[in-house]
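Student: Given chain X, work out where chain P should sit, using these hints.
Those sequence lines, one after another, are chains X and P. Note that the first sequence covers residues 1 to 115 in my numbering. Note that the second sequence covers residues 1 to 114 in my numbering.
Keep in mind the hints are simulated off the structure, nothing from the lab.
Heads up, incomplete: computed chain P residues facing chain X, CB under 8 angstroms, no partners named:
| # | residue |
| --- | --- |
| 1 | Q44 |
| 2 | M45 |
| 3 | L47 |
| 4 | R50 |
| 5 | F91 |
| 6 | P101 |
| 7 | L102 |
| 8 | F104 |
| 9 | G105 |
| 10 | K106 |
| 11 | G107 |
Covered stretches of chain X, as calculated for chain P (at least 3 residues, CB under 8 angstroms):
| # | region |
| --- | --- |
| 12 | 38–49 |
| 13 | 102–114 |
Owing to the predicted nature of the structure, the values given are computational and were not obtained by experimental measurement. Each residue gets a CB set at the ideal place from its N, CA and C atoms; glycine is no exception.
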Amino acid sequence: DTGVSQNPRHKITKRGQNVTFRCDPISEHNRLYWYRQTLGQGPEFLTYFQNEAQLEKSRLLSDRFSAERPKGSFSTLEIQRTEQGDSAMYLCASSLMNSPRDTQYFGPGTRLLVL
Amino acid sequence: AQTVTQSQPEMSVQEAETVTLSCTYDTSESDYYLFWYKQPPSRQMILVIRQEAYKQQNATENRFSVNFQKAAKSFSLKISDSQLGDAAMYFCAYTDSGNTPLVFGKGTRLSVIA
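Looking at chain X on its own, in the form it has when it is part of the complex (with noise of 0.2 angstroms):
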């Protein structure tokens, strides 16, 4: 059990560039979610798959971002013609549906900076 991770730690970008984070979670969670960290506050979901299935999004997730969990293994978070906005800490975190301590484990999170 090597913990989730995520890649990369931290991402400086220009605004208007794209940009994508990975998440690698616990190899056997089926459930993987994606959290956004703004200072002084605390996370905020974003979206989250069981398998490769997508099943929820928040209205927070506006179309400039995508998510994807091909194989539903890894994880991709995508944003598009980023805006200063967009600088937060993004957080990933894993589970196993149905497991008798079913909890979510959190990766170390991608800082990203929009200038």
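Tutor: Showing chain P alone in chain X's frame:
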């Protein structure tokens, strides 16, 4: 919609003393889960403790325990024998089940004074 409120933006405690962090929540569900997560500076969020709403017994994990008051919709975290490594942001979180998206409070920043 469910909401989670942490009314203490910052708290401090002397090393070896006890501190209690407050959390209230709002839900119309009868079955749900509550969590406390710890986020050290520049480090990832880790689970401290969880509580299932159907369990009357308060959860305990070593020096960490909760006071779960279902009727009052209150879920406080008690840290005993505080250590320097306990300094972090603490987030209270709610979910209808263990595998649905979490709703977080705004967090409480805990400082531990040597």
